[in-house]
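Visitor: Sequence:
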Amino acid sequence: MKSILLLLFLIMALYGKSEDTCYTVQIVSMPNNSKNLQFLTTKQFDKSCKVMSISSKLTVRCGCYETVKETKPLLKKLKPSFKSAYIMSTYKYRFEKDHTEEAKIIEAIEQEVKSAKKEKTKTIASTRSIPKTDKKLKKKQEVEAKTKHESKQPNTPKYTTKSDHDSTKKIEKQLSQIQNDLKTVVSLIQIQNDLKTISQKVASIQDTLAKEPQKFSSTLQDTTPSSISYKEHKKKKHKKKKKHKKKKYKSEDIYTLDDTEVERTVPKKKEKKKVYYKTKKKKEKVRYVKKKPARYKYQRYLNRLKHEDKGKGKWDYRYSFGAQLSYDFAYVYEADDGYVDHDLRRARVSHKGSFFDRKLFYGLEYSFTGPNHYKDIYAGYQDSIDLLGLEYRFKGGNIKIPFSLESYTASKNNNFMERALTDGYTDRRKLAGEVLLSKEINNNRVNLFFDVFSDSIDERKDNIVDHPGYNTRAVYMYKDSKYKVFSLGGAYMSQNYNQDTLKYNESSESDLIYEKYVSVKIKDVDTVIKKNIEAAFVYNKFSMQGEYTMVDVDALKGDYSFYGYYVQGSYFLLGKGRKYKTRDSVFGKVRPYQDGDLELALRYSYINLNDKDEHGGSQTDYNIGLNWYLASEFKLMFNYIIAYPEDTDKYDGKLQIFQTRFLFAF
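Under my numbering, the first residue of the sequence shown carries the number 3, and numbering increases by one thereafter.
These aren't lab readings, by the way, just hints derived from the structure by calculation.
Small disclaimer: the values here were computed from a predicted structure and weren't measured.
A hint or two may mislead.
Here are the simulated distance ranges between beta carbons [to be verified]:
| hint | residue 1 | residue 2 | range |
| --- | --- | --- | --- |
| 1 | L600 | H353 | 31 to 39 angstroms |
| 2 | Y95 | S36 | 38 to 46 angstroms |
| 3 | Q40 | Y95 | 23 to 31 angstroms |
| 4 | V467 | R593 | 38 to 46 angstroms |
| 5 | K171 | I89 | 38 to 46 angstroms |
| 6 | K361 | D556 | 38 to 46 angstroms |
| 7 | K656 | S496 | 35 to 43 angstroms |
| 8 | T210 | T43 | 26 to 34 angstroms |
| 9 | N465 | L602 | 37 to 45 angstroms |
| 10 | K525 | K361 | 18 to 26 angstroms |
| 11 | S86 | S189 | 21 to 29 angstroms |
| 12 | T43 | N182 | 26 to 34 angstroms |
Beta carbons: idealized from backbone N, C-alpha and C, even for Gly.
Assemble the whole structure, with the sequences as input and the hints as a guide.
Guide: This is how it looks when you write it as structure tokens:
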């Protein structure tokens, strides 16, 4: 321990700050060569700065202060122009004017470099001023310049002519040798200065040892290199290694000491106490599984009923199965009397499929309720013409006629339980052939439908006479996004009744009401022409639609005209909103959030079946609806209807209907 303290004392004495040192700011540090020396000598630094050659480096140091605080102002001053500047300690003698031969040598070199530069400029100027024709004058000037230069500085380089280049090279070699000699001289001077300081420190240590010899005598004897030889040092190390090795002793060992046998008993080693550490049990990896929502179970089975994402086999077959089930409850109040009724409104099964990337497709749908059982039985082909940017579709079979927006939209995707009063004018499904042409330009799309039809499969069972006809529908749409759409369209239908009877009636937007107060029946009808105008608007959660329908009847009695219209709007209190399918120009399915969507809807509708001698009556309905979309397959609907039938034989007054529906469809 004493030896360590002594060594620490020596180190502190050698490297601690002494009276011969001071604090400076070092600006530049470069390798020691002729180019760098010329660069530093020509550059202008602060008055307090000096160029120094220390060992193999050239440095520029500024100021010599006793404390660090005194040097900080200078550092702040020089830091903006020299970012690598920092404070360090150095010897004071480096800043003295005539301190050693080192400074004198550097000054002499600086003077030689300056004089050489001046003469270069003079010689170049003289050569430029002399014309090429006057060769004699040129030679005289060169001789005079040589004599002047040799008298002042015989060793400076000359650059007047090509012949003098050899002499300049020799001079440069001599200068480089001088610089190398200077480096060695400077390094020797530094060593001498360091030795002086060390000798002073050693003398001070010897004085302390002389005053207190007892404390340091033992440590000095052990630590002096002369007292310990290299072999003895090796032996000590070898002995230490042997001690660490385990020795196997017998319990009793006999050895001789001065011709006498002595028994030595080896003490038994103390047995170490066994320490039992508590071992940490490895944590078993537990897989945390999130609880799946309640609809996951039935959704898993529903996904098995469809395969629409990827096709199967070479034909790229895709398919899907669907079903629709809706049950209605209603309370009807009319003529100071009310009744409750309930019924299974719809029970349907459907199947769709496609081949070859959905180009060839078909569809089937069968209903177990109502008078018409065969709904959709069709097949078709669709593709596009890339050159024209035109999409087309051919479809044939028992299909729905695209006459109006509300009638062409599926019943499961409507806002209200039943369609508006104008639905009495429309024909549902017919045996028809349909052509659809669709063209999209940026965000705009135009759809053109053209149908040729006759009576449906179910109508052919009861009707003796066929009612052929044709239908056209044109729709323009502007779609900014999924929930920002505007559409405007119209339809025209012509149908030949072949002297058959025509019936129109409407059930006050409820299927559970017993009486149909608005109805008309015309015999011997020749032709029926229908016209329809439609408009729809969707903006985020808000949607609005309206239609106006006119019917012209040509019969033996005369010509009759009837009309009707409706306007409805809805707003989603919870959820995104309604989607509009631009390809078919209809409203699509609402896909709610996990917690469900809530929609508020209002509708005003009117129908008039009065003309000339036919008094079918007129009716106005106000309908308030509230829809709760529990999931994409479940929907709970509530409607409150106020109806005002007028000019009818059965009833003139006010009707109130409260009805609800539970709908399941996929």
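Visitor: For every hint, state whether the structure bears it out.
Guide: Against the structure, the hints:
Distance hint check: the CB atoms of L600 and H353 are about 32 angstroms apart, consistent with the given range 31 to 39 angstroms. Range check, Y95 to S36: about 25 angstroms between beta-carbon atoms, so the 38 to 46 angstroms window is missed. As the Cβ distance of Q40 to Y95 is approximately 25 angstroms, the hint placing it in 23 to 31 angstroms holds. At about 45 angstroms, the CB distance of V467 to R593 agrees with the hint of 38 to 46 angstroms.
In this structure the hint that K171 and I89 lie 38 to 46 angstroms apart at CB holds, the actual value being about 44 angstroms. Judged by the Cβ atoms, the range 38 to 46 angstroms given for K361 and D556 holds: they are separated by roughly 42 angstroms. With their beta carbons about 38 angstroms apart, K656 and S496 fall inside the hinted range of 35 to 43 angstroms. One distance hint, 26 to 34 angstroms for the beta-carbon pair T210 and T43, is violated here, with the actual separation near 47 angstroms.
Distance hint check for N465 and L602: the Cβ-Cβ separation is about 42 angstroms, which falls inside the suggested range of 37 to 45 angstroms. Between K525 and K361 the beta carbons are some 47 angstroms apart, a value that contradicts the proposed interval 18 to 26 angstroms. At about 24 angstroms, the CB distance of S86 to S189 agrees with the hint of 21 to 29 angstroms. For the hinted restraint 26 to 34 angstroms between T43 and N182, the CB-CB distance of approximately 18 angstroms leaves it violated.
In terms of the numbered hints stated before, the structure departs from hints 2, 8, 10 and 12, listed from lowest to highest.
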